[in-house]
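J.: These are the residues of each chain, in order.
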Amino acid sequence: MKKSVKYIVFLAVVAVVAYNSVYFKALDEVKAGTSSFNAAKYAGEFWTARLIPALKKSVSYNVLLPLLQTEKDKAFEQYSHALGIGNIRYFLVKGEGEVISVDENEVIVRLDSAGQRPELRLATEYVFGNAVRDASGSLHINEFENSMDFNNVSAEINKIIRDKVIPPFRSKVKKGDVVSFHGAIELNREYLDLKRVEVIPVELRIKNEELRMKI
Amino acid sequence: MNIALYKSRLLRFQSLIALFILCLGLSILSDKFLTVSNLWNVMRQISVNICISTGMTLIVLTAGIDLSVGSVLALCGAITAGLLKNGIEIPSNNLYIGFTILGAVLAGVLTGSALGAFSGFTITRFKVPPFVATLAMLTVARGLTMLWTQGFPISGLGDKFLYFGTGWFLGIPVPVWISGIIVAVALFVTNKTRLGRYIYAIGGNESAAKLSGINVNKVKIIVYTIAGALAGIGGLLVTSRLDSAQPNAGISYELDSIAAVVIGGTSLSGGRGSILGTVQGAIIIGVLNNGLVLLNVSPFWQQVVKGLVILLAVIIDKSNSKND
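Top line first, the protein sequences correspond to chains A and B. Position one of the first sequence corresponds to residue 1 (our numbering), numbered consecutively onward. Position one of the second sequence corresponds to residue 1 (our numbering), numbered consecutively onward.
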């Protein structure tokens, strides 16, 4: 008798908790009430309306490199963007140089910068992260309902790069070509490493290819 | 005689003495350390570690260990956030199951309990060493978190939910209340109940405990289940505080938790230690973390310092065991 009372009380508690824990609705009803966010569409619009115009403001790596070497703080203040307050910041850069190596994952370009011959790596295989989204400084998390949508936009931007920017370049580029690029780089303000800088490309051109086509 | 007495008293209060010296040093080195806002911030941060370290203490008292608490915390936080934000959709039946805060929190905590129970089961049923079983669970839970979140944070959980991690009640942060209640219940369980006595007995001498009629396997499964549930509550606090369930949440929390337990004087070989000691250990770890940040120590050096502190605590523990 005592045991059965215990069970009844237990079941009653479970029932009350369950009743207050979940609710049921028709899925159509719920879907109708929420506007679904289309990250691909948003990324496409961002690309044409904001990112491409922002490329005009990108800093030449020939200008940025000496500034980073001599006045690091000024370089970061003037040219970098980031969402948070951390040391990782992003730059929209441009440059032109000679291809010195083409391998599976990247194309290495040697620039001629004020007597220095820095090498930059153009990513052609692994395009991840938020460098391009954040480097322009024109996209803010407040524009989104949640951070998942915001991150999905970044993933879609990277997809555009993988699908549309890299393949035509990757199929033609070879060692010795002169290429120009616009893209985003990520640098750590506290532990600045300029020996291995990777560019996530937004625009890529093979200059001598254009010349050949004109001829 | 007097020296022995002083020594035993010193050993009894070693964590408190260490904490006092640490606070004194930090208040001299940083003018921000002893501010009210910073101290409340420290208390909020250590609340999570106190939750998971309380469960870890129970496990370590049975001579076990749980390396999965950080991953379980992340999964529980993600489950809670995911259910609260998105519910469950069953398109084939045109059904949407929505979760209230109570439902989502319960689901998160129950997930933690279930994973803890599973670890306990594998340890007792298949005689898998706790280190290995919970290491496997660490990977499983992290993988499940990635699958559930698709690698993205789940954010925007609503103001009411944020109350757990950021709210105040009677002038004290809510996480501090929650961890305080957990500590009070754990103190009661370890000191005043049969289960508590069994836990100490198993850690002291498992064979003797078995021979004296204690259902060792059952007690161990209960202990791992409790630890899982407490990791779930830790996940709730982290998620609520950040208004976001991060797929990478809780990484290396198990180390902070084990550090708190060891620094608090609980023996890794089981049978000796206390919940209050662990609370002191968690405060020391929290204050140390906070102090290193305030002193602008590089994150890489912070890890080195924390590692050395843990090592020192284990050496002291070993030396105490020898003396005993």
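It is possible that part of the hints are untrue.
[Said to hold, decoys possible] Capping the alpha-carbon separation at 35 Å, the derived lysine-lysine pairs in DSBU-like fashion look like this: (1) A:159 <-> A:172; (2) B:127 <-> A:41; (3) B:127 <-> B:318; (4) A:31 <-> B:127.
[Stated by the list, open to error] Pair ranges (Cβ atoms, derived): (5) B:22 <-> A:108: 46 to 52 Å; (6) B:126 <-> A:41: 34 to 40 Å; (7) A:60 <-> B:38: 50 to 56 Å.
Derived from the structure by calculation, the hints contain no laboratory data. Note that beta-carbon positions come from the ideal geometry of N, C-alpha and C, so glycine has one too.
J.: State for each hint whether it applies.
T.: Cross-check of the supplied hints:
| no. | hint | verdict |
| --- | --- | --- |
| 1 | A:159 <-> A:172 | 20 Å, holds |
| 2 | B:127 <-> A:41 | 54 Å, violated |
| 3 | B:127 <-> B:318 | 26 Å, holds |
| 4 | A:31 <-> B:127 | 49 Å, violated |
| 5 | B:22 <-> A:108: 46 to 52 Å | 49 Å, holds |
| 6 | B:126 <-> A:41: 34 to 40 Å | 51 Å, violated |
| 7 | A:60 <-> B:38: 50 to 56 Å | 44 Å, violated |
Of the numbered hints given earlier, the model fails hints 2, 4, 6 and 7; all others are met.
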